[in-house]
Each structure stands twice: as C-alpha cells, then as structure tokens.
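**Student:** Let the hints inform the model, and build the full structure from the sequences given.
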Amino acid sequence: MPLNVQKINEGTVIDHIPAGAGSRVLQILSSSYPLSGMAALIMNAPSKKLGRKDIVKMEGVYVEEKTANRIALIAPKATMNIIKGGRVVDKHNVEMPHALSGILICPNPNCVTNFERAQTTFLEEGSLLRCRHCERAFKPDELA
Amino acid sequence: MQDLISIRDLSKKDVESFLSEAAKMEKLIGTPGSELLKGKVIANMFFEPSTRTNMSFQAATKRLGAKIMTFYPSTSSVAKGETLADTIRMIDGYADAMVLRHPMEGAARFAADLAKHPVINAGDGGNQHPTQTLIDLYTIKKIKGKISGLSVSLLGDLKHARAMRSLLYGLSMFGAKITLVAPEALRMDQDILQECKGKFGAKVSQTQEIRLSGCDVLYACRIQKERFSDKYEAEKMQKEFRIDLELLAGAPKNMAILHPLPKVDEIPAEVDSDPRAKYFEQAANGVPVRMAVLHRCIKG
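Those protein sequences? They're chains Y and W, same order as listed.
Heads up, the first sequence is in our numbering, so the first residue is 354 and it goes up one at a time.
Heads up, the second sequence is in our numbering, so the first residue is 679 and it goes up one at a time.
If you're looking for bench data, these hints aren't it; they were derived computationally from the structure.
Wrong hints could be hidden among the right ones.
[Stated by the list, open to error] Pairs of lysine-lysine, DSS-like flavour, derived with a Cα cap of 25 Å:
#1 Lys-877/W with Lys-492/Y
#2 Lys-931/W with Lys-855/W
#3 Lys-492/Y with Lys-430/Y
#4 Lys-875/W with Lys-492/Y
#5 Lys-705/W with Lys-745/W
#6 Lys-691/W with Lys-702/W
#7 Lys-705/W with Lys-691/W
#8 Lys-705/W with Lys-822/W
#9 Lys-837/W with Lys-492/Y
The structure presented is a predicted model; accordingly, all values stated were derived computationally and were not measured.
**Tutor:** Here you go:
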C-alpha cells in the first residue's frame, strides 16, 4: 500500500539518501535551520538507483552550500529539489567539496583544533578527508 | 622565509636540497664561515620533554652565530592558562624564528598560521617530526651512500611514534623497501600507509616477527609507555621487541642500527659498542641538519 506524505509548497526535498542515513541528514538540517514548518523523514523507500533510500522534506528551508556539503559526507548521491510555489524550480546533486573549512569538528581528540580557537579545514584525498592540522585522514561519514 | 611543519609538505627535491645543505653545514661547523645567522634570535619552545631535539637546535643556533631564547612552559604564563595562540603571537614579536614542540597534533601548523616569522615543527603530538626525518635520511645516505632500493625495517611502536610516521613518508619518497615490524596493537595507521603506497608506489610489508636477513637499515624506536593505560602490556611488548647481541648475531655485518633516542630497554647498552650501532652518530647529525633547516627557513 503506497505511503502518502503531504507535498510541500516552499522548501527542500532531499532525495536519494542511503537507507538509514536520513535521520542524520535531518539532524544536520535541524542543527543548521530552526524548524519552523513541516519536516518529514521517509525511510526505506524503494529506489531504482539505490535499491532502498531515505527522503527528507523540509518546509520553509532552502539548504545553503555549507549545509549541503555536510550532507554530501553521508549522502554523496543525494539530490536537492528546491520547491517554490509547489513546483520543483531547481534540482541538483550534492557534491563532495575538495576542501571543507569551518564546518566540521576533527574527531582526533588530540588535534589542536579541539583545544584552541582554530578553524578546521579538511582536504579531500580520494575517498578520505584529511585534517589540515593533525594530518589524520577520515572517512566522510566519520566527520558528518 | 618559510615554515617547516610536515615532511608531507616537502617534495623529494626539497628534501634533497636540505640534505645537501646539511652536508655543507657539517663542513662549516667550527669555522668562522658558519656564522650565517649572526644577529638573529631563535625562540626554542618545548612544551614536552626533549634532550636531543632541544639541545641540537640550541647547538645549531649557536654554530650559526644566532642567539637562542629558551621558553619554559612551567614557569611561563602557560601555567596561568595562557593559550597557545597568545603565546605564539607574543613570542613572534621577540624572535626571528620559533622552534616548537607541543603535545597537540597540528600545533605547529596552527602556530605557523598565526606567526609572521618562520615556525619549525620539533614534534607535534603523534603526528610529525620533520627535522628528525631529515636527520634520519641524512644519516642513511651518509652511511649507505643512497636511500633508494635499500631494505629498511622500522621496528617498535609504529602507532604512537611521530618519528616513524614521518620517516615512513620520507623513505617512501626515496623508494626504499620498507618492512614494518610491530605488534598488532602498535601497527602504523592505515591512512599513512595508504598515502605512501598511493603517492609513491611504496613497497611496504608488515610483520610481527623480527627478520634481519637482507636488512640494510634497522630503525628501532621505544615503546611509548606514557601513551599506554596498561603499563604491564607496554613492558611485555618492549621485551618482545628487544634488539640484543643474540638477535644481531644473525644480522648482516653491514647493517646499520638507527634509533631516534631515547632508547630505554629495547636496545641494551652492550649493543652500543657493536660497529653496526649508528644511533649516536645519527644524533650528532642533528646539528648540521638543523643548521640547514634554520638557515633555509630564515634566509630562504
């Protein structure tokens, strides 16, 4: 039996999130934007591309690049659908950036960035992201 | 002016240039021509204990004719809670270069971002020790005439020792054949191994048994007991990875034994007189290499 979730008129629908990662995407969104409108998390929906996927809908929120970059760490194939007036006005894939500055915390407890007022920077190295300070490399989902 | 923060920031050409500069410095020691940094002031800032790095930087500074300013964290405002950032900004106003050892990983990079003058990393936590790597490469080249193609075994606490992490990168850059000998719990982090294989196509094998047949250089380091919560476990590992005369009896006669020092139980004193033991010579090379580093970082 199909599951009906109300459409949103203004906001963002994030599609093609790997099944199980939707709650973390919602967590990132709610830490970046105050929840003023409706938010929905659809879990384990069938997907031609991924087999199973999660979808997040957030009303009244247009996701900025900084937040989209964080989402890309755990959902590298996610699609951002920007909804205005009930219609999709823009659709694009999130992209893993080459460098991420000032938005992540280094998981290395002995990294100087966890003690001093230092902006973290992570540099992309293949499938890993390396902290510019402590030089440890992490998998993207360890940083999200 | 430039900083020296990580061996990962240097190209092979940069490293070769430091090594040839160090050879020139070695010849200059004790001659009037060595006073290349006369009038300069260097700040030595050691937030962790050190004998060789601290003393050889002091010796290098004095051999170059510069003045040294020693910072003591326990009697400075650090003891009152002053941040590293404020300490760096302040000393940057007093000195022409800073030599920094700090327990936090990334401290030198952080300091270099704040300072106008060069910062030289003298060890940042378990991350990097670039000047030690230059000394190690200089020593190997001096003893063996080359680095490329040599069989080098790195033995001991490969997980916590910054000298080993830096050295693996340096040896990989020069195409040495590397064997990592460590107990399972003290193996080198995978990220640095993968990086060396990916960037340089490094030939690296890992084992838990010490096999010295065909080994050109045996590089040992101590088990870093201070980083263990279980001291008994640390002691046990130390005993398993001991290099004594019995073990050395089956090792090649021309093999060089290196160690960043301090050595504790892993190499007993009886080995010191073995002609293969080159670690004191290696420590002495700290002076010309650090002279080359100071000169390059300050004069460019």
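**Student:** All the hints need checking, so say for each whether the structure fits it.
**Tutor:** How the hints compare with the structure:
no.	hint	verdict
1	Lys-877/W with Lys-492/Y	holds, 18 Å
2	Lys-931/W with Lys-855/W	holds, 19 Å
3	Lys-492/Y with Lys-430/Y	holds, 16 Å
4	Lys-875/W with Lys-492/Y	holds, 18 Å
5	Lys-705/W with Lys-745/W	holds, 21 Å
6	Lys-691/W with Lys-702/W	holds, 17 Å
7	Lys-705/W with Lys-691/W	holds, 22 Å
8	Lys-705/W with Lys-822/W	holds, 19 Å
9	Lys-837/W with Lys-492/Y	holds, 19 Å
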